[in-house]
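My request is simple: use the sequences and hints to build the entire structure.
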Amino acid sequence: YDPWEKTTIEDIKKTLGVEKIDFKVALPLDLVRIIENNQDLNHGFPPSAGRTPLAKVRTYLAGQRTELSLQRTALSRGRTGLAFLRTGIAFITAAITLFRIFGTGYLIIPCLLLLAVGIASVSDGLLWYLTSRKKASQNVRPPLGEAPPGFSVLKVSVTDPHPVFSRTEPVEGAEEVRNNWSSLSPVQRRRFLANDRTDMAEERTALAILRTNMAKARTGLAFARTGIAFAGLGIGLFWKFPSGPWTVFDITLIVLGALMAIEGLYWYLPGRSAGIEGLKRITRAEKLKNIWEMVFPPSYGPRRKDHGNPPVKSSHAPGIWGTTGLALERTMLAERRNIMARLRTVMARSRTAMAFIRTGLSISVVGTLLLVLLGTTSPLWDLLDCILIATGVLLITNGILWYIPAEKIRQQFPYCFGDLEISLPDYSKPSGLWRKAVFSHDDIE
Numbered sequence: 524y525d526p527w528e529k530t531t532i533e534d535i536k537k538t539l540g541v542e543k544i545d546f547k548v549a550l551p552l553d554l555v556r557i558i559e560n561n562q563d564l565n566h567g568f569p570p571s572a573g574r575t576p577l578a579k580v581r582t583y584l585a586g587q588r589t590e591l592s593l594q595r596t597a598l599s600r601g602r603t604g605l606a607f608l609r610t611g612i613a614f615i616t617a618a619i620t621l622f623r624i625f626g627t628g629y630l631i632i633p634c635l636l637l638l639a640v641g642i643a644s645v646s647d648g649l650l651w652y653l654t655s656r657k658k659a660s661q662n663v664r665p666p667l668g669e670a671p672p673g674f675s676v677l678k679v680s681v682t683d684p685h686p687v688f689s690r691t692e693p694v695e696g697a698e699e700v701r702n703n704w705s706s707l708s709p710v711q712r713r714r715f716l717a718n719d720r721t722d723m724a725e726e727r728t729a730l731a732i733l734r735t736n737m738a739k740a741r742t743g744l745a746f747a748r749t750g751i752a753f754a755g756l757g758i759g760l761f762w763k764f765p766s767g768p769w770t771v772f773d774i775t776l777i778v779l780g781a782l783m784a785i786e787g788l789y790w791y792l793p794g795r796s797a798g799i800e801g802l803k804r805i806t807r808a809e810k811l812k813n814i815w816e817m818v819f820p821p822s823y824g825p826r827r828k829d830h831g832n833p834p835v836k837s838s839h840a841p842g843i844w845g846t847t848g849l850a851l852e853r854t855m856l857a858e859r860r861n862i863m864a865r866l867r868t869v870m871a872r873s874r875t876a877m878a879f880i881r882t883g884l885s886i887s888v889v890g891t892l893l894l895v896l897l898g899t900t901s902p903l904w905d906l907l908d909c910i911l912i913a914t915g916v917l918l919i920t921n922g923i924l925w926y927i928p929a930e931k932i933r934q935q936f937p938y939c940f941g942d943l944e945i946s947l948p949d950y951s952k953p954s955g956l957w958r959k960a961v962f963s964h965d966d967i968e
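Per our numbering, the very first residue in the sequence shown carries number 524; after that it's consecutive.
Hints may be right or wrong, so weigh each one.
Straight-line C-alpha distance at most 30 Å; calculated BS3-like pairs for lysine-lysine [said to hold, decoys possible]:
{"#": "1", "residue 1": "Lys-931", "residue 2": "Lys-812"}
{"#": "2", "residue 1": "Lys-547", "residue 2": "Lys-536"}
{"#": "3", "residue 1": "Lys-579", "residue 2": "Lys-803"}
{"#": "4", "residue 1": "Lys-658", "residue 2": "Lys-803"}
{"#": "5", "residue 1": "Lys-678", "residue 2": "Lys-810"}
{"#": "6", "residue 1": "Lys-952", "residue 2": "Lys-931"}
{"#": "7", "residue 1": "Lys-803", "residue 2": "Lys-678"}
{"#": "8", "residue 1": "Lys-579", "residue 2": "Lys-959"}
{"#": "9", "residue 1": "Lys-678", "residue 2": "Lys-579"}
{"#": "10", "residue 1": "Lys-931", "residue 2": "Lys-959"}
{"#": "11", "residue 1": "Lys-812", "residue 2": "Lys-678"}
Computed Cβ-Cβ distance ranges for the label pairs, DEER-style [claimed, not checked]:
{"#": "12", "residue 1": "Arg-933", "residue 2": "Lys-959", "range": "19 to 25 Å"}
{"#": "13", "residue 1": "Arg-933", "residue 2": "Arg-600", "range": "24 to 30 Å"}
{"#": "14", "residue 1": "Val-681", "residue 2": "Arg-958", "range": "44 to 50 Å"}
{"#": "15", "residue 1": "Thr-682", "residue 2": "Leu-917", "range": "43 to 49 Å"}
{"#": "16", "residue 1": "Lys-547", "residue 2": "Arg-958", "range": "56 to 62 Å"}
{"#": "17", "residue 1": "Arg-600", "residue 2": "Met-863", "range": "21 to 27 Å"}
{"#": "18", "residue 1": "Arg-600", "residue 2": "Gln-934", "range": "27 to 33 Å"}
In case anyone wonders, no lab produced these hints; they're calculated from the structure.
Since this is a predicted model, take the numbers as computed values, not measurements.
Each residue gets a CB set at the ideal place from its N, CA and C atoms; glycine is no exception.
Pasting the structure below:
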């Protein structure tokens, strides 16, 4: 278009619905800045760094965390189902053992009752476990993990039913602009803070995936404990009773127990790697600067000119600075949620360690009882008992090595204490000034 042609001028007036227009000279950099401002971007940033695309990324990450929480709930239900299963097997074993000892006498009625309760518990527990296993097998695609060096932007594309996350190349000069925080305009600060919240949401999602994998490991270990109990019970019955029609039942218990132990190992391996990765992530995250140090860096010695007080005066627009302050508050709250997510990951690692210890105790106790009660029957059975004992000791040792550092980290967080606090709301004051009623655990007699 030639801006001085009458047809061009009339076309622009008609399009804009105005009667008069004035043309002004604009340099290419000015046009680029107008476009960037329209896309809500700081200078030199890609289009995915706008606050709306970043909000889209955070929404998809929140959806992933919701899916992961549903999986963990399903896994908890599955572990409860396994408890039903173990209880049912105990009832069935008691009924069959009594029947094999006393035969068809007056105890047949209690045996049948025990058998009926056991079958009902086993059926219910197996149904719960299979349902949760189907839910937990739906893997959630993890985000990219830790951000690379430099200032990059997380983006999402939805080309299939699952979102695909990727990162841009590091933005040149972004670190220098960010470090000169006091010279940034309010909207520039809000754009940086929006990107910070997106990175924090990515970390929370990655930690949620690790916690879910550890929950899968705990479920697998519970299944393995059930299988070990099956196999140990079958071996004991096989050796204590003479061969007969019930030998098929004993062998069936042994085979089912071995299959269940293998199934538990299938869930255990990814959970173990998740626990190791979780501790590494938390250790690295604790060494990074928090958002408060970035905005208000600590001052040692003379005050630096580039880190002075925020340029806020009573004459400035309060709405603009208020919005920026709220964005900073949201970012700090997001960072606190990240700290809590790290704590939950540490406690998940601690619970997984205790599951290791319980499983190791179960395996070693079964091996020891078989070795003591059955004696040295044959070299192969003795070797099997020794393998069970050694495996149990290794799991116990591994659990202790996981539990101790996890507990040390947990004690450093201020969120775990035995007291109960109830806020007494007073809406005439800010929530931070509300009084609290504290009920200490030490006051309970």
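Now the hints, each set against the structure:
no., hint, verdict
1, Lys-931 x Lys-812, "holds, 22 Å"
2, Lys-547 x Lys-536, "holds, 15 Å"
3, Lys-579 x Lys-803, "holds, 29 Å"
4, Lys-658 x Lys-803, "holds, 28 Å"
5, Lys-678 x Lys-810, "holds, 25 Å"
6, Lys-952 x Lys-931, "violated, 38 Å"
7, Lys-803 x Lys-678, "holds, 25 Å"
8, Lys-579 x Lys-959, "violated, 38 Å"
9, Lys-678 x Lys-579, "holds, 9 Å"
10, Lys-931 x Lys-959, "holds, 29 Å"
11, Lys-812 x Lys-678, "holds, 23 Å"
12, Arg-933 x Lys-959: 19 to 25 Å, "holds, 23 Å"
13, Arg-933 x Arg-600: 24 to 30 Å, "holds, 26 Å"
14, Val-681 x Arg-958: 44 to 50 Å, "holds, 48 Å"
15, Thr-682 x Leu-917: 43 to 49 Å, "holds, 45 Å"
16, Lys-547 x Arg-958: 56 to 62 Å, "holds, 60 Å"
17, Arg-600 x Met-863: 21 to 27 Å, "holds, 24 Å"
18, Arg-600 x Gln-934: 27 to 33 Å, "holds, 31 Å"
Of the hints listed earlier, those the structure fails to meet are numbers 6 and 8, in rising order.
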